[in-house]
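J.: Listed below are the residues making up each chain.
Protein chains: 2
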Amino acid sequence: MKITRMHGAGGTVMQKLIKETILGNLENTSVNGGIGLESLDDASTIPLGDKEIVFTVDGHTVKPIFFPGGDIGRISVCGTVNDLSVMGATPIALSLSIILPEGFDIENLDKIMKSINEACKEAEVSVITGDTKVSNVDDIIISSAGIGIVGLGNAVRDSGMKEGDVIIVSGNIGEHGLTILLTREGFEFESELKSDVAPINGLVKSVLDAGFKINAMKDPTRGGLADSLNEMAEKSGLGILIHEDKLPISNEVQFIGEALGIDPLTVANEGKVVMAVRAEDSEKILEILKIHPLGKNAKIIGTVTSEHKGVLMETLVGKRIVDTPLGDPIPRVC
Amino acid sequence: MKITRMHGAGGTVMQKLIKETILGNLENTSVNGGIGLESLDDASTIPLGDKEIVFTVDGHTVKPIFFPGGDIGRISVCGTVNDLSVMGATPIALSLSIILPEGFDIENLDKIMKSINEACKEAEVSVITGDTKVSNVDDIIISSAGIGIVGLGNAVRDSGMKEGDVIIVSGNIGEHGLTILLTREGFEFESELKSDVAPINGLVKSVLDAGFKINAMKDPTRGGLADSLNEMAEKSGLGILIHEDKLPISNEVQFIGEALGIDPLTVANEGKVVMAVRAEDSEKILEILKIHPLGKNAKIIGTVTSEHKGVLMETLVGKRIVDTPLGDPIPRVC
Ligand SMILES: Nc1ncnc2c1ncn2[C@@H]1O[C@H](COP(=O)(O)OP(=O)(O)OP(=O)(O)O)[C@@H](O)[C@H]1O
Ligand SMILES: Nc1ncnc2c1ncn2[C@@H]1O[C@H](COP(=O)(O)OP(=O)(O)OP(=O)(O)O)[C@@H](O)[C@H]1O
Ligand SMILES: [Mg+2]
Ligand SMILES: [Mg+2]
Ligand SMILES: [Mg+2]
Ligand SMILES: [Mg+2]
Ligand SMILES: [Mg+2]
Ligand SMILES: [Mg+2]
Chain D
1 MKITRMHGAG GTVMQKLIKE TILGNLENTS VNGGIGLESL DDASTIPLGD
51 KEIVFTVDGH TVKPIFFPGG DIGRISVCGT VNDLSVMGAT PIALSLSIIL
101 PEGFDIENLD KIMKSINEAC KEAEVSVITG DTKVSNVDDI IISSAGIGIV
151 GLGNAVRDSG MKEGDVIIVS GNIGEHGLTI LLTREGFEFE SELKSDVAPI
201 NGLVKSVLDA GFKINAMKDP TRGGLADSLN EMAEKSGLGI LIHEDKLPIS
251 NEVQFIGEAL GIDPLTVANE GKVVMAVRAE DSEKILEILK IHPLGKNAKI
301 IGTVTSEHKG VLMETLVGKR IVDTPLGDPI PRVC
Chain V
1 MKITRMHGAG GTVMQKLIKE TILGNLENTS VNGGIGLESL DDASTIPLGD
51 KEIVFTVDGH TVKPIFFPGG DIGRISVCGT VNDLSVMGAT PIALSLSIIL
101 PEGFDIENLD KIMKSINEAC KEAEVSVITG DTKVSNVDDI IISSAGIGIV
151 GLGNAVRDSG MKEGDVIIVS GNIGEHGLTI LLTREGFEFE SELKSDVAPI
201 NGLVKSVLDA GFKINAMKDP TRGGLADSLN EMAEKSGLGI LIHEDKLPIS
251 NEVQFIGEAL GIDPLTVANE GKVVMAVRAE DSEKILEILK IHPLGKNAKI
301 IGTVTSEHKG VLMETLVGKR IVDTPLGDPI PRVC
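Chains as they are written, first to last, in UniProt numbering: chain D, 1 to 334; chain V, 1 to 334.
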């Protein structure tokens with residue numbers, strides 16, 4: 001069997017590879033009773049005293065490396081910060097492993113590093129270690145691991161939603177993926193569309209600091225909201241019912257998605273969070289999210305139920321199944 | 001200015017890129033008063049309670065990915081474990097960011113994962129998080145970040161050697177680099193040479209557990225022992241005098257090095273440690289090292305002096321300067 005693009009595209013094909021070939025071969029997958037690799041959550045944890053160290057990593061091969069709204073440097077910081085944030089952790093430190101092709105412009109590396117610096121200041125994290133290699137790659141690759149801290153036992157899992165919970169998404173979906181596609185293919189759309197890439201730690205913190213409990217949380221990256229909701233449903237053993245007319249989607253994304261035949265539910269976001277919260281807290285949490293610039297389009301999109309498994313969507317013409325995509329339809333999206 | 005191979009080869013060319021373009025652009029480079037990126041040590045630290053979290057990363061693009069003595073999986077574990085070990089830390093957790101080319105054999109990924117598993121068991125570390133992407137690369141790339149723990153204030157720096165200290169290297173040098181070169185180029189040497197790739201945490205621990213203080217320590221990877229000794233000298237403001245006839249070099253490495261015109265002092269090791277220790281402890285530390293299978297060829301190779309800067313080597317025909325190499329002579333060595 002050979003690797004195909006789909007093995008790196010964040011859907012069922014990749015999940016199978018990770019479960020069988022990667023996780024299936026590893027015996028040491030957790031430390032000190034913390035959340036281990038077998039949870040396949042956004043990050044894992046290591047209990048230490050009255051805290052847990054939260055640890056995650058993402059590799060970035062986005063093409064093109066500069067795009068409206070961001071670049072590979074900004075994604076490298078935000079992707080990792082966001083995986084820590086959806087664990088309820090405070091992100092503190094990043095590592096940067098950079099792979100460069102021969103002939104790469106040092107001026108472009110300089111631009112990328114400046115962008116990394118800006119994103120780090122925005123997210124209040126530090127780059128404390130790194131590595132640099134030159135290899136046979138078509139463009140720069142940046143792999144950023146990250147460390148965050150959370151109180152012992154306070155990590156938010158992606159498996160924790162409860163029957164009756166309300167599902168909130170923090171803003172318009174599909175913008176990152178469609179921006180990458182438009183930029184790369186040189187489509188002739190006149191478009192103002194840009195990537196949503198941003199660090200969501202401040203946004204998540206505003207909810208947690210107000211004393212609300214978040215039962216489950218993910219950042220809907222590769223595979224989009226469809227992938228994240230399915231994972232939350234599967235891991236909790238419950239179902240999710242969302243409402244098409246409540247999904248925050250800009251007219252532009254709607255139009256471009258339809259024109260290209262790509263469902264915005266399945267494409268990557270890089271500055272969004274989806275959470276399951278208690279019904280009685282949901283309106284207050286929505287208000288808090290809307291105060292933050294990154295949450296101004298936040299919406300309640302559905303509820304958690306034990307009446308079915310998986311994800312269903314109420315549409316004008318009845319309910320349809322929202323499946324886990326085989327993979328994100330846009331290659332090299334992040 | 002364009003990136004060349006040398007920018008990823010671990011010598012002065014790479015150091016300049018890191019200092020100017022990478023470190024030079026970053027404002028947030030340390031956390032909580034810990035050892036930060038500006039130290040350019042093997043790893044950085046984050047104080048937390050009565051401990052320090054130690055954090056490091058290495059990207060691996062070694063070619064070929066399977067070679068006598070190891071493979072890219074084993075290097076990915078050991079490289080990161082070793083950077084944590086030379087900080088005096090106990091390595092506990094790794095992340096694995098894997099970049100795959102389309103068409104890569106899943107059976108080979110399976111072999112690599114099995115090798116990662118074996119190395120993790122040897123080093124007593126766990127893989128707790130990872131990421132998988134498919135991109136335009138000529139072979140698999142693995143970037144492994146790692147977390148270790150050390151008592152507050154107990155991290156061993158690469159800058160800490162003192163006048164009168166003795167320099168010990170834990171075994172034969174040059175084996176990894178020359179193995180890679182021989183394997184890649186299909187040279188016609190009949191050779192038993194294999195890579196030394198191994199986790200050195202147990203070896204270092206045996207010295208620290210015996211209560212000895214190590215003043216400075218590094219793992220002599222890209223750029224070899226020449227690079228590490230120069231860095232230790234420069235950062236301490238002192239000089240090192242080593243003795244050619246005391247360097248642990250196998251006859252085979254000596255012969256191949258001479259045949260190919262490559263100085264074993266400048267090529268990568270993947271299972272060695274070089275340390276500066278108090279003269280009065282040096283014989284006892286040497287004995288402890290020699291008990292461990294990975295330390296059986298350990299040798300005292302020199303001393304620390306204030307009489308000159310940099311690294312000098314006493315040879316049959318007098319002293320010569322051992323410079324920091326521009327870069328490791330063997331590309332894609334790790
Ligand atoms: N190469 C790998 N080695 C070990 N674990 C992996 C590897 N690739 C993925 N995983 C694990 O699989 C789970 C899913 O990974 P995935 O990358 O899809 O999550 P994510 O980072 O939240 O999403 P994205 O990468 O799209 O931002 C995570 O728990 C991750 O740690
Ligand atoms: N891309 C990068 N971003 C941030 N810091 C970097 C980067 N590349 C290297 N560094 C820092 O520069 C210093 C030297 O890195 P280097 O990779 O040479 O160390 P090493 O890992 O000990 O050696 P090797 O990679 O040969 O095993 C380290 O402190 C490292 O954190
Ligand atoms: Mg995630
Ligand atoms: Mg992620
Ligand atoms: Mg390195
Ligand atoms: Mg090192
Ligand atoms: Mg290293
Ligand atoms: Mg990931």
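Quick caveat, the hints were computed from the structure, so don't treat them as lab data. Hints are supplied without guarantee of correctness; some may be wrong.
No copy is singled out in the list; a pair is fine if it fits within one copy or between any two copies.
[What the hints assert, rightly or not] In silico DSS-like cross-links for lysine-lysine, where the CA-CA straight-line distance does not exceed 30 Å:
| hint | residue 1 | residue 2 |
| --- | --- | --- |
| 1 | Lys121 | Lys51 |
| 2 | Lys162 | Lys194 |
| 3 | Lys121 | Lys2 |
| 4 | Lys16 | Lys111 |
| 5 | Lys2 | Lys299 |
| 6 | Lys111 | Lys19 |
| 7 | Lys63 | Lys19 |
| 8 | Lys19 | Lys121 |
| 9 | Lys121 | Lys162 |
| 10 | Lys296 | Lys63 |
| 11 | Lys2 | Lys235 |
| 12 | Lys319 | Lys162 |
| 13 | Lys2 | Lys114 |
| 14 | Lys111 | Lys162 |
| 15 | Lys114 | Lys235 |
| 16 | Lys16 | Lys63 |
| 17 | Lys19 | Lys296 |
| 18 | Lys2 | Lys111 |
| 19 | Lys51 | Lys111 |
| 20 | Lys19 | Lys114 |
| 21 | Lys2 | Lys63 |
| 22 | Lys16 | Lys114 |
| 23 | Lys235 | Lys121 |
| 24 | Lys290 | Lys246 |
| 25 | Lys121 | Lys16 |
| 26 | Lys114 | Lys162 |
| 27 | Lys205 | Lys51 |
J.: Within, between, both or neither: how does the pair Lys111, Lys19 come out at a Cα-Cα threshold of 30 Å?
T.: Between copies, since 15 Å is at most 30 Å while 37 Å is not.
J.: With 30 Å as the alpha-carbon cut-off, assign the pair Lys121 and Lys162 to within, between, both or neither.
T.: neither (36 Å within a copy, 37 Å between copies)
J.: When no copy is named, should Lys63 and Lys19 be tagged within, between, both, or neither for a Cα gap of at most 30 Å?
T.: Classified as both: same-chain Cα gap 27 Å, cross-chain 27 Å, threshold 30 Å.
J.: How do Lys16 and Lys114 come out at 30 Å by Cα distance, when the copy is not named: within, between, both, or neither?
T.: This pair counts as between: shortest inter-copy Cα distance 17 Å, intra-copy 37 Å.
J.: Go through the copies and call it for Lys114 and Lys235: within, between, both or neither, with a Cα cutoff of 30 Å.
T.: between (39 Å within a copy, 27 Å between copies)
J.: Checking Lys2 and Lys63: alpha-carbon separation at most 30 Å within a copy, between copies, both or neither?
T.: both (23 Å within a copy, 20 Å between copies)
J.: At most 30 Å between CA atoms: does that hold for Lys290 and Lys246 within a copy, between copies, both, or neither?
T.: within (15 Å within a copy, 69 Å between copies)
J.: Taking 30 Å as the upper bound on the Cα-Cα distance, should Lys19 and Lys296 be classified as within, between, both, or neither?
T.: neither (37 Å within a copy, 40 Å between copies)
J.: Could you figure out if Lys16 and Lys111 sit no more than 30 Å apart (CA to CA) within one copy, between two copies, both or neither?
T.: This pair counts as between: shortest inter-copy Cα distance 17 Å, intra-copy 37 Å.
J.: Check Lys2 against Lys114 for me: Cα-Cα at most 30 Å, and say if that holds within a copy, between copies, both or neither.
T.: between (38 Å within a copy, 18 Å between copies)
J.: Using 30 Å as the alpha-carbon threshold, which applies to Lys162 and Lys194: within, between, both, or neither?
T.: Neither: 35 Å inside a chain and 55 Å across chains, both beyond 30 Å.
J.: Between copies, within a copy, both or neither: which fits Lys111 and Lys162 at Cα up to 30 Å?
T.: Answer is neither; intra-copy 45 Å and inter-copy 40 Å both fail.
Hints 2, 5, 9, 14, 17, 19 and 26 from the earlier list are contradicted by this structure; the remaining hints agree with it.
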